[in-house]
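So the protein sequences, as listed, match chains A and B. Just so you know, the first sequence maps onto residues 1 to 85 in the working numbering. Just so you know, the second sequence maps onto residues 1001 to 1332 in the working numbering.
Rather than coming from a laboratory, the hints here were simulated on the basis of the structure. This one's a predicted model, so the numbers in the text were calculated from it and none came from an experiment. Don't take each hint at face value.
[Unchecked claim] Computed cross-link-like contacts, BS3-like style, restricted to lysine-lysine with a CA-CA straight-line distance of at most 30 Å:
no.	chain 1	residue 1	chain 2	residue 2
1	B	LYS1115	A	LYS14
2	A	LYS85	B	LYS1106
3	A	LYS82	B	LYS1100
4	B	LYS1100	A	LYS61
5	A	LYS83	A	LYS61
6	A	LYS73	A	LYS83
7	A	LYS31	B	LYS1111
8	A	LYS31	B	LYS1107
9	A	LYS61	B	LYS1115
10	B	LYS1126	A	LYS83
11	B	LYS1100	A	LYS31
12	B	LYS1208	B	LYS1240
13	B	LYS1126	A	LYS31
14	A	LYS31	B	LYS1106
15	B	LYS1148	A	LYS31
16	B	LYS1100	A	LYS83
17	A	LYS82	B	LYS1126
18	B	LYS1258	B	LYS1301
19	B	LYS1115	A	LYS82
20	A	LYS31	A	LYS85
21	A	LYS85	B	LYS1115
22	A	LYS31	B	LYS1115
23	B	LYS1100	A	LYS85
24	B	LYS1126	A	LYS85
25	B	LYS1148	B	LYS1060
26	A	LYS85	B	LYS1107
27	B	LYS1327	B	LYS1107
28	B	LYS1126	A	LYS14
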Amino acid sequence: MTNRPLENMSATTKVLDARGLFCPEPVFRTKIEVERMQVGETLTVLADDPNAEEDVSRWVKRNGHELLSLEKKDSALEFQIKKVK
Amino acid sequence: MAKVVLDAGALDRVGNTPLIKLDSLSNDKVQYFAKLESHNPFGSVKDRAAYWMIKDAEEKGKLKKNHTIIIEPTSGNTGIALTGIASLLGYEVEIVIPEKASEETKKIIAKLGAKLYETSDDLCPKVGAGTDQSIALATSIASSRPDKYYSPNQYANEANFLGHYKGTGPEIWKQTEGKVTHFFTGVGTGGTVTGISTFLKEQNPKLKTIGVQPQQNHLIQGLRNFEESAKPDLFIRREKSVDDWITINNETAFAAVKELFQKESLMVSPSSATVYAAMKKYPIQEGIVVGIFADDGRKFKSLYAQQKVFTEEEFDANLKQAKHLSKIVYLD
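Bound-form chain B, shown alone:
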C-alpha cells in the first residue's frame, strides 16, 4: 500500500475545532452544542493527545529524530493520530493492535506509515484479552530496547490531560463566551473529561460535568464501561472532576447515529452518537450544554451496515449530503 505524503501544515490544524448548535435538542431555556473533534487533521479528538504527548516527550529529551521509534498499544484513533503526527515530526511509529480491531482502522494506520503488530488472545492468556495483549507486547518490545523505543502510554501520560486542560477547555470557554453550564463527554483514558472539566470548573465552580459510558459488552469504539474495564491511572488522578454519570446502551447509541443524520445532517461515530443520546436523555432545566463529538462516522461504514443503521448504499448517499464534514489528511 502506498504511504500517504503528509503536509507539515497539518500540525497547525490540531485543535480549534468548531462548536455547532444542535437545533434538534435546543429549546427556549436550554441550548445544546456539539464540539466537532473530527475537524482535527487526522479526524479525531486523539490528535490533541498524540500531539501533546509527543511534544512533551521532545521537551523532556526522550526522543531523538530519525532514531527513536514510538510504540503504542491502541485499537483506534490514537493509532491513527500518533502515526500521522509522529511521522510529520520525524519519528517512526509501531502500533500494537488487537487482530479483532476494525479493518478500516488498520488500513488507515498502515497507509499513514506505521508498522503494525497484530496480537491474538492465544499469545499469552495470562495477561488478558484484546487490548491487554497489545499492551503486554508493546511493553515487552519497549522495555528490552529502552534506547530505541518510547511508549507514550496515553492511559497514564499527564500530557494527555494537559492537551485538554490547556487546549479544549479554554476553547469551549471562549466559544460559549463563558456561559457553558453543563459538559458531556465519553470516557476512555480520562484525558478529555478530566482535562476539560478541571479547566471549566476553575472558571465556573457551578459547572456540571456528566461522564457518558456505554453499556457492558458494548460496541462503542473508544469508550469504556468502568464496571467491566479498569479505570486508567490518568482518570483516577482527577476522578472527582466528574459530577454525574449516564449509561447508554448499544441500541440507543445506534438509533442516535440515525437521528443525528435525519435531524442535523451529521454523520457521526458511535461514540459521538452515545454522547448525543446522553445529552438528550439527561434532564436539564436551563443553561448552555456542550458535548464532545470525538470523531465522525467515516470509519464505520461496515459497522453501520452490520448493525443495520445504514446500508452501504445509504451510507455513501448520506455522506454526500452530510454537513460539517472535515478535511481529513489521509482522505485527501
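Bound conformation, chain A alone:
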C-alpha cells in the first residue's frame, strides 16, 4: 500500500524507530512524539511487533490525526502519520 503524496515525504521531519519494542510501547512512544510536534508535521514510525499495526492505526484515528500510509517492509511496519490538530 503506498499512496502518500510527495509533499508529505519532504515534510517528514522525525523518525521513531520502535523496532524491537513490544506493544503497547510503540503506540506510547508515538503518542509522545505526536504531542511534541507542530500541526501539519509528519512522523515516520517503524515497528516490528505485529500488534503495533492495530494499536498505532487505531490511536491515530481516534485522536483525529491522519495515517498517510502504512507499508509492510520485510517484517517491519512503516507508518506515516500527519498531525492534524
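Fit chain B to the given chain A structure using the hints.
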C-alpha cells in the same frame, strides 16, 4: 522541580512503627489499637514492601548499582516508596502511572527523582483501563530490555509478603505482648494481610483476621474490592489466612476520616479511615484488636475538599492540631 536530597539514614527507619490506643472505640472488655504506618520514612506501609523487594532482588543478583532501572506500575504509595528507597540504594526508578492518578502523588514521585510515564485509557484498549494500561506499558518496556530493567511486581512478589511476615507481624505480637485477638487491614496486593495474619496465626491459631474492602466504584486509594477487581497472585497464595470480610462504603469511610480527627486528633487517609470504620462496625465481645492505618491524610487535601470532608482551610488548621504526625522524608 528540584529533586529532594535524601538522607541514607531514612532506610534505618523502615518498620518499627508505633501502635496507639484508640480510646474512642475501646471499652472495659475490648481494647482497640491502630498501627500507624505513616511513621515509615516515605510515609506509608508500602515502604516495607519496597525495601524488602529491592533487598531481595539485590540478594538474588537481579540488580546492578548505577545500571539497573527499576520500573513499576503503580498509582500511589508504592511509587513513592520505591522511588525513595531505590534512589537511596543507587538505582534509577521509572514509574508508570495512570494519568488520572492524583496530582499530589505524581508531584511527590517526580520530586523524589523518578521518571514518570503517564498512561491513558485510549492507548491500548484491549488490555483494560487505569492501572491495567500502566501494567501493560511497564511490562512491555521491561521485557524488551531485560538487561537494563527490573520490575519488582508487588502483586506477585513474595518479598512483599515476607516484609510483613518477618517485620510487621512480629512487631504487632511484641507490641501487644502476645495478647492480640483480632486483626483488621485493607487489602490491595494482599502482602500486608497475608504476611501479618500468617505470622500471628502461627503464634495464636485462634486469632481472627478480618479483611476490609471498599464498596464497588470506590474512592479509596490503595484498596481493592474483589467483586470488581481481580485477586492478585500474592493474595491467592494464602487466601485462607483471612477469616472474615467486611465492606465499607465511601460515605462511611469519609465520615470516619472526620470522626477520627474529632475524637482522636488523627488526620488519616481514606484507607485508614475505612479500616477504622470496619473495626467500629464489626461485633467483638472481648479482646485486643489491631488495625493497620496504612498512611496519613497529608496527600488528600484536594480529595477531602472535593468530598466535603474538610475545606482546604479546615484541612490546614487540622494538620496543626493533629497528633502522631510523622516525619516524612519528602516533606522536610
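Verification of the hints:
1. B:LYS1115 with A:LYS14: holds (23 Å)
2. A:LYS85 with B:LYS1106: Holds, because 27 Å separates the two Cα atoms, which is no more than 30 Å.
3. A:LYS82 with B:LYS1100: With a Cα-Cα distance of about 27 Å, the restraint between LYS82 of chain A and LYS1100 of chain B holds, given a limit of 30 Å.
4. B:LYS1100 with A:LYS61: Within the cut-off at roughly 23 Å; holds.
5. A:LYS83 with A:LYS61: Since the Cα atoms of LYS83 of chain A and LYS61 of chain A sit roughly 11 Å apart, the hinted pair holds (cutoff 30 Å).
6. A:LYS73 with A:LYS83: At roughly 23 Å apart (the allowed maximum being 30 Å), LYS83 of chain A and LYS73 of chain A satisfy the hint.
7. A:LYS31 with B:LYS1111: Judged against 30 Å, a Cα distance of about 24 Å means the pair holds.
8. A:LYS31 with B:LYS1107: holds (22 Å)
9. A:LYS61 with B:LYS1115: The hint holds at about 28 Å.
10. B:LYS1126 with A:LYS83: At roughly 24 Å apart (the allowed maximum being 30 Å), LYS83 of chain A and LYS1126 of chain B satisfy the hint.
11. B:LYS1100 with A:LYS31: With a Cα-Cα distance of about 17 Å, the restraint between LYS1100 of chain B and LYS31 of chain A holds, given a limit of 30 Å.
12. B:LYS1208 with B:LYS1240: Distance of about 11 Å is within 30 Å: holds.
13. B:LYS1126 with A:LYS31: Distance ~17 Å between LYS1126 of chain B and LYS31 of chain A Cα, so the pair holds.
14. A:LYS31 with B:LYS1106: Status holds; Cα separation ~20 Å.
15. B:LYS1148 with A:LYS31: holds (23 Å)
16. B:LYS1100 with A:LYS83: holds (25 Å)
17. A:LYS82 with B:LYS1126: Within the cut-off at roughly 25 Å; holds.
18. B:LYS1258 with B:LYS1301: holds (13 Å)
19. B:LYS1115 with A:LYS82: Roughly 28 Å separates the two Cα atoms, so the pair holds.
20. A:LYS31 with A:LYS85: holds (13 Å)
21. A:LYS85 with B:LYS1115: With a Cα-Cα distance of about 27 Å, the restraint between LYS85 of chain A and LYS1115 of chain B holds, given a limit of 30 Å.
22. A:LYS31 with B:LYS1115: holds (17 Å)
23. B:LYS1100 with A:LYS85: holds (23 Å)
24. B:LYS1126 with A:LYS85: Between LYS1126 of chain B and LYS85 of chain A the Cα gap is close to 25 Å, so the pair holds against 30 Å.
25. B:LYS1148 with B:LYS1060: holds (16 Å)
26. A:LYS85 with B:LYS1107: Given pair LYS85 of chain A, LYS1107 of chain B holds - Cα atoms ~29 Å apart, limit 30 Å.
27. B:LYS1327 with B:LYS1107: holds (18 Å)
28. B:LYS1126 with A:LYS14: Holds - the C-alpha atoms of LYS14 of chain A and LYS1126 of chain B are around 28 Å apart, at most 30 Å.
Going down the numbered hints, you'll see the structure goes against none, and every one checks out.
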